[in-house]
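Here's the letter readout for the chains.
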Amino acid sequence: GAGVSQSPSNKVTEKGKDVELRCDPISGHTALYWYRQSLGQGLEFLIYFQGNSAPDKSGLPSDRFSAERTGGSVSTLTIQRTQQEDSAVYLCASRPRTSGGEQFFGPGTRLTVL
Amino acid sequence: SQQGEEDPQALSIQEGENATMNCSYKTSINNLQWYRQNSGRGLVHLILIRSNEREKHSGRLRVTLDTSKKSSSLLITASRAADTASYFCATDASGNNRLAFGKGNQVVVIP
Numbered sequence: 001g002a003g004v005s006q007s008p009s010n011k012v013t014e015k016g017k018d019v020e021l022r023c024d025p026i027s028g029h030t031a032l033y034w035y036r037q038s039l040g041q042g043l044e045f046l047i048y049f050q051g052n053s054a055p056d057k058s059g060l061p062s063d064r065f066s067a068e069r070t071g072g073s074v075s076t077l078t079i080q081r082t083q084q085e086d087s088a089v090y091l092c093a094s095r096p097r098t099s100g101g102e103q104f105f106g107p108g109t110r111l112t113v114l
Numbered sequence: 001s002q003q004g005e006e007d008p009q010a011l012s013i014q015e016g017e018n019a020t021m022n023c024s025y026k027t028s029i030n031n032l033q034w035y036r037q038n039s040g041r042g043l044v045h046l047i048l049i050r051s052n053e054r055e056k057h058s059g060r061l062r063v064t065l066d067t068s069k070k071s072s073s074l075l076i077t078a079s080r081a082a083d084t085a086s087y088f089c090a091t092d093a094s095g096n097n098r099l100a101f102g103k104g105n106q107v108v109v110i111p
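Residue numbers (the working numbering), protein chains in the order written: chain E, 1 to 114; chain Z, 1 to 111.
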């Protein structure tokens, strides 16, 4: 497709389970971002990938969160031992190298931890 | 930490009226961007203004930036029902590649 895609669109899990969220960026975009949006915290930056550089993980809230980007394209955000406070919408965005700064967002994955 | 902070507003206006939203931030920026979000899902980029620009237009959108006051405003002219959404400002801080979002403004345009 032409835009950023994310899967699943909704995920319900039980506390303590691990979840994986997937992001397919726009083809050719070198930068990829993960954000999360919750009622209490608003939109928060989580992690940023740029090409082959080491990712900027400074926004990850705990060591239960990790992300990888394989082959400079698809990214997976993994949350281990989920907690109820992890419930949020997880948004992925990508940006081409030539962009002035605009990011292109996917539709998000709504995660609910019971 | 979030930089952008919109005035906490929920605007309800009649179709055809103008809607104005404000945003303030705390540190130096490369640019400031405005995004729209419908139904709590993906964000759509609306407009970007660089730190050396003071005003920018795009269609019915007008954005201003005052770096001395670290503030920005977004004006939507001649609003339409389809403009009903949440609007977020986001700052791209100097030397940083991530966006710091404000809390958003909910705008409802009544037909």
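Since the hints were made in silico from the structure, they are not lab data. Some clues are possibly wrong.
[Claimed, not checked] Derived DSS-like pairs: lysine-lysine, alpha-carbon spacing no greater than 30 Å straight-line:
#, chain 1, residue 1, chain 2, residue 2
1, E, K57, Z, K26
2, Z, K103, E, K57
3, Z, K103, Z, K69
4, Z, K69, Z, K56
5, E, K57, E, K11
6, Z, K70, Z, K26
7, E, K15, Z, K103
8, Z, K103, Z, K56
9, Z, K26, E, K11
10, E, K57, Z, K56
11, E, K15, E, K57
12, Z, K56, Z, K26
13, Z, K26, Z, K103
14, Z, K70, Z, K103
Would you pick out the hints that fail for this structure and give their numbers low to high? 9, 10
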